[in-house]
Amino acid sequence: DQQVKQNSPSLSVQEGRISILNCDYTNSMFDYFLWYKKYPAEGPTFLISISSIKDKNEDGRFTVFLNKSAKHLSLHIVPSQPGDSAVYFCAASAGSGGGADGLTFGKGTHLIIQP
Amino acid sequence: NAGVMQNPRHLVRRRGQEARLRCSPMKGHSHVYWYRQLPEEGLKFMVYLQKENIIDESGMPKERFSAEFPKEGPSILRIQQVVRGDSAAYFCASSPTGINGYTFGSGTRLTVV
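Same order as they appear, the protein sequences are chains Y and H. Following my numbering, the numbering of the first sequence begins with 1 at its first residue and continues without gaps. Following my numbering, the numbering of the second sequence begins with 1001 at its first residue and continues without gaps.
Looking at chain H on its own, in the form it has when it is part of the complex:
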């Protein structure tokens, strides 16, 4: 049973480009969470999704960031017109129902140059 798969592991984008981060949850997990970790910081909650629904996006920046979890395929975190401050590690976690089953992926390290 593969764990939570995130790709790419590393992503370099120039300022103004778009970044698309993918997350495939564990088999049987229908809850997906995205977190961002800035250097020397803890993980910050961004968004919580279930299939085709955004449940809680209270941690998402109001502009340029969006997330989806379609019926088929991985969850996507999309950052438009990236800026240097978006450089961070982005982690996805999945869960079957409760927090105890929260499994994290290895993250995508985004570098904006």
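Bound conformation, chain Y alone:
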């Protein structure tokens, strides 16, 4: 039973364009969401997060949007750069970001930025 779903295993985007990565969740208890980026043979690196009390959070080229009614969130990267090529994981928590529980991860989307 997958509570966090990333339905696109891979996504190819041209350099300079917008990359949009999508994530859906089923557990209505989730109230804190994070995006991680992962290069091969390395651990995931935290990118950006959003609390359920917000619908948007922006940090430089990265913006996360949350639609609670649809149980959907998305990560926008603009403009996309070659160094953005990596696997992106969506993760969720029911602990309000307090660290008291583990994260539930999606299976990841492999983003490929083409020159």
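Ranges between beta-carbon positions, derived for each pair: (1) Gly60(Y) x Gly1016(H): 48 to 54 Å; (2) Glu1063(H) x Ser74(Y): 35 to 41 Å; (3) Val1083(H) x Asp1(Y): 20 to 26 Å.
FYI, nobody ran anything at the bench for these hints, they're computed from the structure. Just so we're clear, the structure is a prediction, and the values are computed from it rather than from any experiment. For each residue, glycine too, the CB sits at the ideal point set by N, CA and C.
We have chain Y; now place chain H onto it with these hints.
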């Protein structure tokens, strides 16, 4: 300030042997989390520890797996009598308090032959 250090990076064990994976959290971090990533899968939460205490082990298999985070030294994930299905990447993360400070190590890739 060194990041989360995991060793070994690669570990090969024969079926039935024991695997010990080590994780040294970032300086000042007293919360440690272990995750497992099977091929083509996302990371799955295993256990959450603070110094000398297991806080949440709801993701740990009931048998053969154990974890500790002693007062001194690294956190250890121990897998007894390994089987081929234990082959995976095991990631450790540490945090000072909250999820926003979650820093992952580079992982240990366990291969059971």
